[in-house]
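Start from the sequences and build out the full structure, keeping to the hints where you can.
As a plain string of letters, each chain reads:
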Amino acid sequence: MLRVKGVRSVVPFGTDETIYSQVVTEYSSMLLRLACTRLGSTVDAEDAVQETFLRLLTARPAFRDREHEKAWLIRTTLQRASDIRRKAERKRSVPLEAVAETAAPDKDGELLSAVRALPEKYSAPVHLHYYEGYSIKEIAKLLGLPAATVGTRLARGRERLRQMLKEEER
Amino acid sequence: MNQDDYRRAFDTLSFSADFQERTADLLQKRARELEKECDKMTFGKTKKLAVLIAACIALLAVSVSAAVMLLSPSEVAVEAGQPLLAEAFQNPDAISINETVESGEFSITMLGLVSGKNLDVLNQNLDAAHTYAVLALRCLDGTPLENQTFDFMRYTMTPLVSGCAPTAVNNWTLNATAQGIAVDGVYYYLLDTESIEMFADRTVYMAFYEGMAPNNDIFTLAEDGSISFTEDFEGVQALFTLPLDPAKADPDAADAFIADTGLTG
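As you go down the protein sequences, you meet chains X and C in turn.
Using my numbering, you'd call the opening residue of the first sequence number 1 and step up by one each time.
Using my numbering, you'd call the opening residue of the second sequence number 1 and step up by one each time.
Calculated from the structure, these hints are not laboratory results.
Where is the CB? At the ideal position from N, CA and C, for every residue including glycine.
Be aware that one or more of the hints could be misleading.
[Stated by the list, open to error] Below 27 Å or equal to it, Euclidean Cα-Cα: the simulated DSSO-like pairs (lysine-lysine) are: (1) X:Lys121 / X:Lys70; (2) X:Lys166 / X:Lys121; (3) X:Lys70 / C:Lys29; (4) X:Lys121 / X:Lys107; (5) X:Lys141 / X:Lys70; (6) X:Lys70 / X:Lys137; (7) X:Lys70 / X:Lys87; (8) C:Lys248 / X:Lys141; (9) X:Lys166 / X:Lys141; (10) C:Lys117 / X:Lys141; (11) C:Lys117 / C:Lys248; (12) X:Lys87 / C:Lys117; (13) X:Lys137 / X:Lys87; (14) X:Lys107 / X:Lys166; (15) X:Lys121 / C:Lys29; (16) X:Lys121 / X:Lys141; (17) C:Lys117 / X:Lys137; (18) X:Lys70 / C:Lys117.
[As the list claims (entries may be wrong)] With the C-beta cut set under 8 Å, the calculated list includes, among others, these residues of chain X facing chain C: (19) Ser21; (20) Glu46; (21) Gln50; (22) Phe53; (23) Leu57; (24) Trp72; (25) Asp108; (26) Leu112; (27) Tyr134; (28) Ser135.
So, in structure tokens, the structure goes:
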């Protein structure tokens with residue numbers, strides 16, 4: 001396999017301001033939905049993605065290519081979303097299940113709830129495969145994991161989702 | 001569940017209509033603030049440095065370059081917002097190098113490195129170990145290097161492995177990212193790559209040079225496997241040998257990695 005040897009790209013610090021709009025336009029939609037695999041609130045997802053972009057600005061990582069940049073954004077978004085979720089769980093007094101019950105979700109809502117209920121290590125591969133259409137090999141590169149691990153997590157995540165949705169139907 | 005069901009469920013999510021505009025504005029505002037903060041800091045620090053240098057010349061008769069104190073790798077990690085990494089650099093497993101090469105207008109110091117899992121606060125879910133290396137760059141004439149003006153992309157910091165073509169094992173194939181931070185006129189590179197410990201039974205180098213991806217115009221691979229800069233390469237250059245622990249080598253993983261690159265020469 002020939003890997004990219006060529007040009008690095010980087011979001012320059014304090015230079016052309018239009019680059020921020022370009023990065024935000026290009027990645028927001030994907031990152032917001034990805035954050036929602038870990039967060040029940042779209043407002044929290046927006047916070048996670050905004051923090052990710054701010055981190056990109058202040059950390060100024062240098063990227064090998066666009067895929068590398070995308071992988072960094074995906075991993076950072078997932079990490080930020082996990083942080084927000086953990087903080088919220090520490091504060092929450094009402095159990096998650098109780099909230100879910102009162103919401104009485106429809107079929108789409110059930111699926112979203114099921115994805116969020118997955119262990120984090122399963123939900124990211126599931127989402128990147130089912131929503132973004134990435135192959136196992138591509139997901140492995142994006143998440144920095146061996147392809148075999150991604151394959152296993154995807155299969156287990158899919159199976160757990162299937163079971164959860166089956167239980168919902170009963 | 002099929003892909004259509006999944007996509008439809010996630011497409012029902014609705015986000016703020018002005019999210020993108022708001023976020024781009026926030027980034028632009030923050031970028032301007034950072035620019036101002038850096039200007040202020042540089043001004044203040046330059047004055048302090050001038051006083052320090054004057055005092056050194058008058059009282060201690062030491063050179064300007066010797067008066068510049070370098071941050072430790074741990075302090076660089078703190079500056080980079082990486083507390084776990086900062087801690088790791090203080091562990092006995094961390095390797096301190098502190099070797100300096102002068103090339104072109106620069107003094108290039110390889111400070112140290114550390115390898116381990118989950119040391120990056122942003123990538124806590126990584127299963128694989130990474131290697132983090134810190135290098136310091138300063139101008140020989142004492143001109144401070146600054147975030148705003150230093151051309152980070154002009155230089156490359158990359159591991160190389162003896163016996164392996166520089167095109168096969170390098171920053172790019174090791175999925176490395178580099179971060180640059182200027183502190184008190186010294187520019188620090190913090191490199192994060194897939195762990196290079198698997199190559200520890202070979203000579204492993206850290207190269208810093210003017211240019212992009214390694215190629216045969218920049219490096220030469222001798223018959224005994226050693227790597228050096230080509231005689232014709234005139235850019236800024238430094239090549240450090242990393243004292244890795246051979247006991248940590250994983251020859252099978254190293255061979256698999258090289259085979260996976262599909263690049264041998």
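So, going through the hints one by one against the coordinates:
no.: 1; hint: X:Lys121 / X:Lys70; result: 19 Å, holds
no.: 2; hint: X:Lys166 / X:Lys121; result: 21 Å, holds
no.: 3; hint: X:Lys70 / C:Lys29; result: 23 Å, holds
no.: 4; hint: X:Lys121 / X:Lys107; result: 24 Å, holds
no.: 5; hint: X:Lys141 / X:Lys70; result: 10 Å, holds
no.: 6; hint: X:Lys70 / X:Lys137; result: 15 Å, holds
no.: 7; hint: X:Lys70 / X:Lys87; result: 26 Å, holds
no.: 8; hint: C:Lys248 / X:Lys141; result: 25 Å, holds
no.: 9; hint: X:Lys166 / X:Lys141; result: 32 Å, violated
no.: 10; hint: C:Lys117 / X:Lys141; result: 17 Å, holds
no.: 11; hint: C:Lys117 / C:Lys248; result: 14 Å, holds
no.: 12; hint: X:Lys87 / C:Lys117; result: 24 Å, holds
no.: 13; hint: X:Lys137 / X:Lys87; result: 32 Å, violated
no.: 14; hint: X:Lys107 / X:Lys166; result: 12 Å, holds
no.: 15; hint: X:Lys121 / C:Lys29; result: 35 Å, violated
no.: 16; hint: X:Lys121 / X:Lys141; result: 15 Å, holds
no.: 17; hint: C:Lys117 / X:Lys137; result: 22 Å, holds
no.: 18; hint: X:Lys70 / C:Lys117; result: 22 Å, holds
no.: 19; hint: Ser21; result: 4 Å, holds
no.: 20; hint: Glu46; result: 6 Å, holds
no.: 21; hint: Gln50; result: 5 Å, holds
no.: 22; hint: Phe53; result: 6 Å, holds
no.: 23; hint: Leu57; result: 6 Å, holds
no.: 24; hint: Trp72; result: 7 Å, holds
no.: 25; hint: Asp108; result: 4 Å, holds
no.: 26; hint: Leu112; result: 5 Å, holds
no.: 27; hint: Tyr134; result: 12 Å, violated
no.: 28; hint: Ser135; result: 13 Å, violated
Consistency note: the structure conflicts with the earlier hints numbered 9, 13, 15, 27, 28.
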